[in-house]
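K.L.:
Below are the chains, spelled out letter by letter.
Protein chains: 2
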Amino acid sequence: MPHRYFTAEIGGGQAALTGSDAHHLADVMRARPGEQVILCGPDALEYIGTVTRIEPGRVEFTVTEGYPSAAEPRAEVTLYAGYPKQGKLEEVIRHSVELGVRRVIPFFSRYCVAAPKKEDAKNERYRRIAAEASKQCGRGILPEVLMPLPDFSAVCAQFSCYDLVLFFYEGGGESLRQIFAREPGLSARRIAIVTGSEGGFAPEEAALAAGSGARTVGLGPRILRCETAPLAALTAVMTLTGNLE
Amino acid sequence: MPHRYFTAEIGGGQAALTGSDAHHLADVMRARPGEQVILCGPDALEYIGTVTRIEPGRVEFTVTEGYPSAAEPRAEVTLYAGYPKQGKLEEVIRHSVELGVRRVIPFFSRYCVAAPKKEDAKNERYRRIAAEASKQCGRGILPEVLMPLPDFSAVCAQFSCYDLVLFFYEGGGESLRQIFAREPGLSARRIAIVTGSEGGFAPEEAALAAGSGARTVGLGPRILRCETAPLAALTAVMTLTGNLE
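Going down the list, the sequences are from chains Z and Y. Position one of the first sequence corresponds to residue 13 (this note's numbering), numbered consecutively onward. Position one of the second sequence corresponds to residue 13 (this note's numbering), numbered consecutively onward.
Hints in this document: simulated from the structure, not taken from any laboratory. Keep in mind that the hints are not guaranteed to be accurate.
One copy or two, it doesn't matter: identical chains are merged, so the pair holds either way.
Stated by the list, open to error - Calculated cross-link-like contacts (lysine-lysine; reagent style BS3-like; alpha-carbon spacing at most 30 Å): (1) Lys97 x Lys130; (2) Lys129 x Lys97; (3) Lys147 x Lys97.
Could you put the whole structure together from the sequences, leaning on the hints where they help?
P.N.:
See the structure below:
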């Protein structure tokens, strides 16, 4: 399988890689003019790129017409993840990217044990981890990791951007299977998944989520750790929307 | 919620804890006669135990009639996991126990990078990890971790013990949703899930699995790491059998 690179510099039958990707292709892979790679552009389109020119820090290509990436799920899923302790968010990001997430947005909430600290630097690291995972698992886009939201009301304020918001609550709720069985049209839409940090959600937060349009759902009678819950939630949604088969 | 302890010494309205559990309850929790805990016995039955007697290394109880643990899935799922490198199996065990696995059986196969080494000592450690995870997530049984099987033919030789064997193959296969939609009776039965190590499966191994009665299924177009695949597979099966809601 040819190597995959992500680039925004693509259009009119031409494309280019710069920076570390150009270095990787030219110096590590020792590409020569005429060789082909897969280029992933914006909007989940993929292109076959043929190297035309190599110069320091830049590789240029002619490209075929773009085709939709087969690796991208039809559902566009955003994960709102309660900010966990230590390095757990990194593992959540890696797993989520493999499972097809479009966007990860961490947030702080009432019972969060973690507190904001050097979030700019951390966000840069999270984005690198997401990009690395995307290349390894063959994604057609680079999923984003946004800066953390300061509290749970900031999370709920974004719910109107989605066709379906699933609030995963330890108190249980609707059956996810029934939601998708009754409304199959939701499978290809913008879906938000909301899971909590170690401390879970305060009852007022659960009420606020429901009042802001979220559907409250459970993940069964066992207590999932805060790093397991987002993966289980994401896998369940991808399974039920036919994006994991 | 009262603390949970697992014991095999239970019957005739009486029960006892010994060893580290007795120490934990008597010396760490400072239990006194008359206090109540949840005792999980064999066969996924739970009991309310009332402390009657505390002596060094032993706590005795009277117990109520046992009731089936609400935390146990109706499907009895065994995970056959290709032996991964380093500490990854420990994380797979922790996640799997939370997701409701009954039994984890690691195996070596053609493309395994890991090789058998001090497996007796490792197995003891894996069992402790499973027991710890069971208590934390509120399981009604102690899932087992068996000694690793030496090769893939030893895995396939056990397929006849199950009502359904799902062989998760990077080459893709049947749709898991359709399998459970067409044969809903499978939801409450003995199910085996088979996932590979870093190197995946050799084509002969895939052929052997199919020839031994496994259904070959895929997990979608993205390449899942060997520590993500078992969690995705287990979550998908638990979701589709109604054991994660």
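K.L.:
Among all the numbered hints in the text so far, which are the ones the structure does not match?
P.N.:
As far as the earlier hints go, not one is violated by this structure.
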